[in-house]
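Numbering (this note's numbering), first residue to last: 1 to 291.
The hints are simulated quantities; they were obtained by calculation from the structure and are not laboratory data.
A hint or two may mislead.
Stated by the list, open to error - BS3-like cross-link-like pairs, simulated, lysine-lysine; straight-line CA separation at most 30 Å:
1. LYS256 <-> LYS208
2. LYS244 <-> LYS135
3. LYS220 <-> LYS135
4. LYS244 <-> LYS256
5. LYS208 <-> LYS135
6. LYS256 <-> LYS220
7. LYS220 <-> LYS129
8. LYS135 <-> LYS256
9. LYS220 <-> LYS208
10. LYS256 <-> LYS129
11. LYS244 <-> LYS208
12. LYS244 <-> LYS129
13. LYS244 <-> LYS220
14. LYS129 <-> LYS208
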Amino acid sequence: MNAGGWTAWQTLPLAGSLSPGVLAETLDGGQAFRWRREADAVWFGIWGEHVVRLRLEENGELAWSAPRPETGAALVRYLGAEAEGGAIDALPWRSDAHLARCLAEFPGLKILRQPFGETLLGFLCSATKQIVQIKQMIALLAERHGAPMGGGVNRLPTWAELAAVPEGELRACLLGFRARYIYQTAQVIAARPGWLEETEALPYAEAKARLCELPGVGEKVADCVLLFGAGRMEAFPVDVWIIKTMERRYGLHGWKPAQIAHFGRMHFGPLAGLAQQYLFAWERAAARNAK
DNA sequence: TGACAGGGGGTGT
DNA sequence: ACACCCCCTGTC
């Protein structure tokens, strides 16, 4: 037992080495909202019942330390490391020069495998908000309505817990008009025990249709939840950044989001979601460099 | 340092 | 198309 202590630093068995930029893009690029940079190469993060520090070593290896030893195994799954290793080869980079360029720019970029319910909460907060603001909302929700896990860290409230929080208190967590969506969604989920778990297990199209029944969940949010919270790599979320990318790099001027999503799934195949993340990273970097 | 627009990773009507 | 909320950011 090491009550109150953290494990010694251990390296993670990842396929390739990571750069600081790619790690930052993976942890803090809009997939998850509970990571913060503590130092140049040290990240502090929370998901589910897990708390962890990640440290990028000089050689590109990733080391971790956590209050709970079992976080190590959970981390491998969370970082999507199970699915990596040659995954890139299933993408059409040979015939798509822009995709090839994105893959080369962010080697090792990962799709996280987060808890399903948490991911739903995060992306219900995301409408017309930037990452900093979403992180702020999520931090307040955890602080005020999540159960303590020790060390001053709270986990996110479950949907059952959320169902008992008045809309006004949600609004006080800087949610704005999203407070009503989250309140109503919590009522729906609370009224149907097992609904979340069943939805998570459904095939992509059926799971997406069910998620879209929830107030505040449209195609984009549903795809994000399935991609980042259920490992459905065929999900292809279309937001304003991807619309820009598909116009600028693929010539799809004037296409509607649903058409772009269809094109994405056809063109990129079963790993469309992974391709989307690379395109997204590229476009964000391009916007930063333009400033 | 402080006030003031402008706009933001969508959804629902 | 436009409202929904209201916080962040850049600017003066």
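Q. Of the hints stated earlier, which fail here?
A. Violated hints: none; all satisfied.
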